Amino acid sequence: MKKLLEINDLYINFKTLWGVAKVLNGVSFNIREGEIFGLVGETGCGKSVTALSILRLLPPNAEISGKILFKGDNLLEKSEEEMRKIRGKKISIIFQDPMTSLNPLFKVRDQMLDIIELHEGLDRRSAEEHAKKLLKAVGLSDPERILNSYPHELSGGMRQRIMIAMALSSNPYLLIADEPTTALDVTIQKQILELILDLRNQYNFSVLLITHDLGVVAEVCDRVGVMYAGNIVEIAPTEELFENPLHPYTQGLLSVVPDPRIKKPLKPLKGSVPSLLNPPSGCRFHPRCFYAKGICGNVKPELHEHSPGHFVACHLYGGEDQ
Amino acid sequence: MRKEETIKILLRNKLSIVGLSIIVALIIIAILAPILAPYPDQALGEPNLKERLQPPSRLHPFGTDHLGRDILSRVIYGTRTSLIVGFSVVFLALLIGVPLGLIAGYFGGKVDLIIMRITDIFLAFPPLLLALLIATTLGRGMINAILALAISWWPWYTRLARGMAISVKERPYVEASRAMGISDWKIMIRHVLPNSLSPLIVQATMDMGSAILEAAALSFLGLGVQPPTPDWGLMVSEGKDYFLNYWWYPVFPGLAIFITVMAFNLLGDAVREVIDPRLRRRLL
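Chains W and B supply the protein sequences, listed in that same order.
Count the first sequence with the numbering used here and you get residues 307 to 628, in order.
Count the second sequence with the numbering used here and you get residues -2 to 281, in order.
This is chain B alone, in the form it adopts within the complex (with noise of 0.2 Å):
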């Protein structure tokens, strides 16, 4: 693959320069969170009761929340909280998941029959119902929130990386180099992982939105992050019993959900394009 042509393709596709460019902007904004927040204690928790509820003005463009601290800053902190999440549950479940699936894809027969068992029991649960059975049991938290994520996601990475194992397991190459007396693993690493990476790559990077939103829910449902740390879902729950007469309180905390995850879904469309060759072949 063509660096050039990549750029090029991913530059041809306007919702993908969309899709690209907020995401690393939610980037720069959450390593930036300090300097951009107008205030940074109340956006870790610091009260402010004297402003409470205030609407959107020159001082709080957003708006201010129930005890007062400026919904701008939060949103801004809470970037941090959303990418951090959405990366690590993706990781995680990447982790688990991949290595399972090759080896099962790789050595089939029995290997394989208990793996993917296991996997059909992780997915015979409806994503979010085991996600939240497990943040119960692990009890509240950041960290178990995104555990709990990532023990729920990892079975589709597995059905998707043994479905890549099995195909890249017949090509010429993987027999030449069984023939010339390489090992299982290292052609599991060396050929079968790499050449199954592009729909990983893909489904990973639209996961990544569905986690932030799926973590969002945690949060939403008081399983995920906890108060005073700024997240999306949690101010958008905290929010939602003013919703009627101070709008802006979960209002602006859900546009941000909405605005991320919508860019990661396109940035993995743009993905697929560069990634699949008859894709490619069209938009050059």
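Isolated chain W, as found in the complex (with noise of 0.2 Å):
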């Protein structure tokens, strides 16, 4: 399958009142044509960092460095306005809370017919058309009644359906999506998370989906990059991932999800996650390490393919150590 975006050793600093915050550490990855990537990690690893980076939305005192190649085009090296050409139109994305990604003050035509107009160049009524169909194609069966609701008048997985009928709504290449499902409940992620699966199969658009949450990766992702302190760890089909994790941080974080039938105590990594402010020299897992050996605290590891399509970051694979 053809690359369709590539981020090649992307290094994103914020400077604060308290240092430059290191949150970017070099990530490498790339998604292919049609297919759901997933990244996971936990809060503050630099995941959403990520993606808004891709659309050029952090705020101005980032700074970046590296590339962001979207079909062959480096994304960093557009003006404001191509990007604008390019949100919501050729890469979309859908956030996390779907209770206030509405105005509240608006009817849901008025906030889908804007962004269809918009991209799309249609006059009012075919827009509207559009939207209804959009609207059904997100399994919402009565488009009028949804079009002339306000916000608050519908449920978060309404509103989270309608978020992604507006991110579909002009047949995007690539879509985000950070963490669509954390701010619903359990069934509702479910129907969701099928949905964008779904909607992928029927339109093949490629999905960038940023989760803490395994159970979703296992779920709906065909690849998975695990991220750890602002790096890429470890990227692996998601059944290999599953099955066999090299890195020691990935090993971490499956040995933490419960399962229900077993009852054994989980084994949580010991310490905590590192202030990016002054992150570890080395690999910045190193502190927190089962394995860690004295290379560990001085060189970064880099990512190299331990086996077909699985790339590891990490010492005890083999690299300069050996």
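Treat the hints as calculated values from the structure; they're not laboratory data.
Among these hints, one or two may not hold up.
[As the list claims (entries may be wrong)] DSS-like, lysine-lysine: derived pairs with alpha carbons at most 27 Å apart:
(1) W:391 - W:439
(2) B:107 - W:384
(3) W:438 - B:183
(4) B:183 - W:413
(5) W:413 - B:5
(6) W:439 - B:5
(7) W:396 - B:183
(8) B:5 - W:384
Treat the numbers as computed from the prediction; the structure is a model and nothing was measured.
Given two chains presented individually in distinct reference frames, assemble the corresponding complex, making use of the accompanying hints.
What follows is the structure, given as structure tokens:
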């Protein structure tokens, strides 16, 4: 499959009052056409920053270096004007909290039609037809009523469906879903994930699914990247990752997923996520790693292909230390 | 916000009904002034020297002034001047202040710095003093008084609008709109402005009273509305010399100012209660 998005060696620093936060530390991964790529990691590991950097929506105090190639073009070199034509049209994003992602003062109709008119250049009536079609496609059976509703009259699941419909209104190549189900309850979560999967199968766009929930990953992702403190530590096809996790952090993550059938104590990782203002040298995970050795504190391990399609960034699996 | 709920709250609060009724009455009086005023000609300035400084009577319920004109008629016509001045000042000040505030708050950075330092310069003057200064420079007259007051007034709305814009621009729907490729200007008009309006409406309602009061002050000082135009501030000013012997001359126009300003303040409180959801719940 062809690569749709390639992120190469992305570094992002934020200048803050307390110093420079080194939020992304050389992130590289790619997303293929029609693929659902999951990005998992704890809160604050840089998942959302990665997502926002693709759309160039980071606040002005962010310093970015590296490359973000979308269909071969480096998005970091685009003007703001060019980016506006990409946002929502070629790359769309949906956010975590559907309850606040719609303006409370306007009906859904106004908000949907705004987007459709902007990107598709349709007149009001055709835009409305298009909106209704989209709402049906995301499983909302009474589009007329939805269009006439204010956001507060709809449930969280319905609102997230509307956000998805809006995101897909211009047939984007890439849908970025930033924790799309975190704010929803479990049954609705499953419905929304299935909806994303269905729509992907139907329209064949790619998805960058950002989540901290391994259950979500297992459910829908084709491939997964695991992030820790601004680095991607492991990339593998989903099944491979769950069956054969290589990086100690990935192993740690998987060991704290409770299995209701087996009652055994969970084995949490020791320590906590490091401060990005002053991250550990070498491998950022080494202070918490069971297997850490001398080199880990000095040399940053690079991602390399351990077995076909399975990449890992860890000194345990070859590289410079052997 | 549901309409029935809004009406319910407005009616629940007795004082707000008082304020609202007075303002509605004032508007009707202003519109129907030629019909309501017993002596429309005198209201507009025609002297009637035979009946100078008559005390209140059946013919002249508020008495007459030093040129024999019926004070009731002039107070009725004065409603027009006051309401026009009040609305114009607040409207102009909003027109200048709100866009500047939204731009400062939404874009931040240098734009914000420049706009806010300019407002600081304006706010450094005592408000009436600045208005006096501008009115003196522009010359006397109602339009100039309106301009003078609006120019000294807009920075307050700029501050308020900026604060609102800063808080609204961080809301997820603004970020979502940016992520969908909507331009900054459109986001400002479509999302930031409407969601910033509530406190501005409250402030503007309350300011209507203050604007009328300050316009009256300018007239009183001779810089606002010029005779023979019927104006409450001007009437108080002219009447002050006769106060000891002919109390009705300054008192009735003064009362009119007092009642109008109070009505706008009462309405402002009520509007705030309607708009603020926390106060709403308590009232329902």
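CA of residue 438 of chain W to CA of residue 183 of chain B, is that 27 Å or under? Given that 27 Å is the threshold and the Cα spacing comes to 24 Å, the pair holds.
Residue 391 of chain W and residue 439 of chain W: Cα distance at most 27 Å? 23 Å, holds
Is residue 5 of chain B close enough to residue 384 of chain W, meaning Cα to Cα at most 27 Å? 54 Å, violated
Given the proposed pairing of residue 396 of chain W with residue 183 of chain B, does the C-alpha separation stay at or below 27 Å? Roughly 20 Å between the alpha carbons, so the hint for residue 396 of chain W and residue 183 of chain B holds.
Checking one constraint from the list: CA of residue 107 of chain B to CA of residue 384 of chain W, max 27 Å. Satisfied? 23 Å, holds
Within a Cα-Cα threshold of 27 Å, do residue 439 of chain W and residue 5 of chain B meet the stated pairing? 39 Å, violated
Within 27 Å, alpha carbon to alpha carbon, are residue 183 of chain B and residue 413 of chain W? Within the cut-off at roughly 17 Å; holds.
Is residue 413 of chain W within 27 Å of residue 5 of chain B, Cα to Cα? Since the Cα atoms of residue 413 of chain W and residue 5 of chain B sit roughly 24 Å apart, the hinted pair holds (cutoff 27 Å).
In the structure shown, a violation is registered for the earlier hints numbered 6, 8, in ascending order.
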